[in-house]
Structures are given as structure tokens and as C-alpha cells.
Amino acid sequence: MATLYSQAESNVRKTWLLITIFLVFIIAFGWLFSLILGNYVILIIAVIFSVLMSFTSYWYSDKIVLKMTKAKPIEKKDNPELFRIVE
Numbered sequence: 001m002a003t004l005y006s007q008a009e010s011n012v013r014k015t016w017l018l019i020t021i022f023l024v025f026i027i028a029f030g031w032l033f034s035l036i037l038g039n040y041v042i043l044i045i046a047v048i049f050s051v052l053m054s055f056t057s058y059w060y061s062d063k064i065v066l067k068m069t070k071a072k073p074i075e076k077k078d079n080p081e082l083f084r085i086v087e
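For what it's worth, the numbering used here labels the leading residue of the sequence shown as 1, then goes sequentially.
No farther apart than 27 Å at their CA atoms in a straight line, the calculated lysine-lysine pairs in the DSSO-like style are these:
#	residue 1	residue 2
1	14	63
2	77	67
3	63	76
4	67	14
5	77	63
With beta-carbon atoms standing in for the labels, derived distance ranges:
#	residue 1	residue 2	range
6	44	85	45 to 55 Å
7	12	41	33 to 43 Å
8	40	75	51 to 61 Å
9	2	32	36 to 46 Å
No wet-lab data here; the hints were simulated from the structure.
The C-beta atom is built at its ideal place from N, Cα and C for all residues, glycine as well.
Given these sequences and hints, build the entire structure.
This is the structure we're talking about:
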């Protein structure tokens, strides 16, 4: 049976794999377009875009999701049963 720590390690590995695949895909896409159009600025833009998006998604994804769902902190007096479940 998998432990909490092994699940967390697995999630970290999967996250890095997904980020790497994204980087390779976007950079390859930019390289292909720059090759077809003969403009290597497209490749530079693709590299910058993929690195910025990967950095942003890795470090700020939790904050982005919390903002999107309009999450707010809960206090014990607001809903004691839910507070005990989450605590």
C-alpha cells in the first residue's frame, strides 16, 4: 500500500515530467514555425513563453486555483463540523 510520502514523491515526479513535456512541445512547435517562416524570433518567443508559463504554473498554481474558486479561510465558529474534518 502506498504511503502519503510515496504518493507525494510520485506527484512531484509526474509534475516535473509534465512540465518537461510542455517545455519540449512548445519549444519544438516554436522551432518548427521558425524553420518554416525563416524567422528565429519565433523560437526565442516560444522558449521565453514556455519557461515563464512553466515557472508560473509550478510556483503559483495553488494561488491561481484558490483565486478562481473564490476560496476563503474558514474559522471554527463559521462551521465547526467542517473545521474538524479538515483539521
